[in-house]
Amino acid sequence: MPKSKQQRQLFYLMPYGLWLILFVVAPLVLLLFQSLTTQDGHFTLHNYALYFSSGTYLLMTFNSVWYAFLITIITLLISYPTAYLLNQLKQKQFWLLLVILPTWINLLLKTYAFIGLLSKTGTVNNFMSLFGIVPQQLLFSNWSFLLVASYIEIPFMILPIFNSLAEINPRLEQASRDLGANRWQTLRRVIMPLSMPGIKAGIQAVFIPSLSLFMITRLIGGNRVITLGTAIEEHFLVTQNWHLGSTIGVILIVAMVITMIFTRDRKNSRKRG
Amino acid sequence: MSRKFQWGNIYLGIVFVLLYLPILFLIVYSFNAGDVMQGWAGFSLKHYNELFSDTRILEIVVSTFLIALLSSLLASIIGTAGALYIYNLKHTVIKNVFLSLNNILLVSPDVIIGASFLILFTVMGFALGFTSVLLSHIAFSIPIVVLMVLPRLQEMNQSLVAAAKDLGANNWQMLSRVILPVISPGILAGFFMAFTYSLDDFAVTFFVTGNGFTTLSVEIYSRARQGVSLEINALSTMMFAVSLLLVLFYYVISTRAVKNKKRSTRLVLPASEGL
Numbered sequence: 001m002p003k004s005k006q007q008r009q010l011f012y013l014m015p016y017g018l019w020l021i022l023f024v025v026a027p028l029v030l031l032l033f034q035s036l037t038t039q040d041g042h043f044t045l046h047n048y049a050l051y052f053s054s055g056t057y058l059l060m061t062f063n064s065v066w067y068a069f070l071i072t073i074i075t076l077l078i079s080y081p082t083a084y085l086l087n088q089l090k091q092k093q094f095w096l097l098l099v100i101l102p103t104w105i106n107l108l109l110k111t112y113a114f115i116g117l118l119s120k121t122g123t124v125n126n127f128m129s130l131f132g133i134v135p136q137q138l139l140f141s142n143w144s145f146l147l148v149a150s151y152i153e154i155p156f157m158i159l160p161i162f163n164s165l166a167e168i169n170p171r172l173e174q175a176s177r178d179l180g181a182n183r184w185q186t187l188r189r190v191i192m193p194l195s196m197p198g199i200k201a202g203i204q205a206v207f208i209p210s211l212s213l214f215m216i217t218r219l220i221g222g223n224r225v226i227t228l229g230t231a232i233e234e235h236f237l238v239t240q241n242w243h244l245g246s247t248i249g250v251i252l253i254v255a256m257v258i259t260m261i262f263t264r265d266r267k268n269s270r271k272r273g
Numbered sequence: 001m002s003r004k005f006q007w008g009n010i011y012l013g014i015v016f017v018l019l020y021l022p023i024l025f026l027i028v029y030s031f032n033a034g035d036v037m038q039g040w041a042g043f044s045l046k047h048y049n050e051l052f053s054d055t056r057i058l059e060i061v062v063s064t065f066l067i068a069l070l071s072s073l074l075a076s077i078i079g080t081a082g083a084l085y086i087y088n089l090k091h092t093v094i095k096n097v098f099l100s101l102n103n104i105l106l107v108s109p110d111v112i113i114g115a116s117f118l119i120l121f122t123v124m125g126f127a128l129g130f131t132s133v134l135l136s137h138i139a140f141s142i143p144i145v146v147l148m149v150l151p152r153l154q155e156m157n158q159s160l161v162a163a164a165k166d167l168g169a170n171n172w173q174m175l176s177r178v179i180l181p182v183i184s185p186g187i188l189a190g191f192f193m194a195f196t197y198s199l200d201d202f203a204v205t206f207f208v209t210g211n212g213f214t215t216l217s218v219e220i221y222s223r224a225r226q227g228v229s230l231e232i233n234a235l236s237t238m239m240f241a242v243s244l245l246l247v248l249f250y251y252v253i254s255t256r257a258v259k260n261k262k263r264s265t266r267l268v269l270p271a272s273e274g275l
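Chains as they are written, first to last, in the working numbering: chain A, 1 to 273; chain B, 1 to 275.
Extracted from the complex, chain A is given alone in its bound form (with noise of 0.2 Å):
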């Protein structure tokens, strides 16, 4: 039996297995031995002296992640009470399903509808044109990327946030309510640390495709706006210089590590302390 129970595991890994390493780990162990070596092969750290020594790779790092931070807070605002509202309607499954709906639609098709929307004759101008304000290019700025990246985002922090309020228990703020606090106090000393695994979740969830998006802000930033990700795209398909590429794909996940360790639910070493 035992014999039977080992050929039917290695069946299993066989396939699997070998997914693992082509695809998870040889890639991940090629990108940083790329990012180690020169052209001809040879073991170096220049390509990380140059990174760190660079003015403009460090402003366009720091660039990067202010934006994501930016999305991120924005997204935030919106999602919170979005999010505490839709978890109060009756039909709320039905909401969070039109929340979701938009995240099935191509992400490329979105974008290209803010171009239609914010080109110099598009809808917004026009729009504004009633109220006597100039047409102005809101396309390719530094204001449209954020939008654009921000609507985007928005689901993805709405979902999580949604969850976790919906998994508190109702009698608490009852409770809470019956012990004098008010409506805001009960908000924010209940209901907002109760949600704190969703909040860290959408967080996560929105922090790091923000740091890596590229394809927004070329068609919307109009290259303005350069992030770890269209740095990466730009030296792998553009100017091919692979080794720098991939130094700065180890940098985009490290930071990656360092958002998730920050935003990690802590309730399990919470639980062993």
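Simulated from the structure, these hints should not be mistaken for lab results.
Worth double-checking, as some hints may not be accurate.
[Claimed, not checked] Derived pair list, reagent style SDA-like, types lysine to any residue, alpha-carbon separation capped at 20 Å: (1) A:Lys5 x B:Ile94; (2) B:Lys165 x A:Gln7; (3) A:Lys110 x B:Ile27.
[What the hints assert, rightly or not] Per the computed footprint, the stretches of chain A lying under chain B, defined by three or more beta-carbons under 8 Å from a beta-carbon of chain B, are: (4) 57 to 63; (5) 99 to 106; (6) 163 to 176; (7) 203 to 216; (8) 248 to 259.
Backbone N, C-alpha and C define an ideal beta-carbon position, used for all residues, glycine too.
Model the placement of chain B on the given structure of chain A, informed by the hints.
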């Protein structure tokens, strides 16, 4: 109190309008008789006619769906095998190692996946094109299938497997007659997620597509860089309809699965008592 709630509803209303405005805008202008996304020039289906006579776009639509179908099928098979393997692991630490490895591609930014796959294909001397895109789509869809199937395995009644074993079923019979039917809703959900992941993907495909082969996302990107063409609006409307149908299909299946699950547990319980 009730006044406050009204303010809340107004806020929600605004959020929903903003969420759907760009999509509606795209759809409405696909029926515009004019050629730009401004100034309504009357209702017309001419952009749909353009779309259906554009053989390049039609070919790309076909290959995009082919990639999605093939990649989600293969990812479902490999992912199910992976879920079974992880489920059968007894050692908790090894199990956690496999689960973390599994989740790496789910949390990695698309750009990293794309760039590292590009290095991989180049190092292996693999030509970029249909196959490299297909392999990449399979690769990034596998972990989601594993995550969809694993909970079903954990919910599975262990005595079912034990009973099959006692009754003399071999490995294959146990898998095909007992385990697979029980976890099939999870596999189906995984297949569906993989399908939509593949249809939606832009960044990874963009890196590994090479010159000869394109998918819809990449094509829309290159067309959008040249400016607005209402043919893309017509295409968006069709794709929106397809997405709606897919979501509906998924909901019908998942609600039916829940109903089946209730029925099957009711049937299973007396049976396992008999054992």
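_Check the structure against each numbered hint from earlier and tell me which ones fail, lowest number first._
4 and 6
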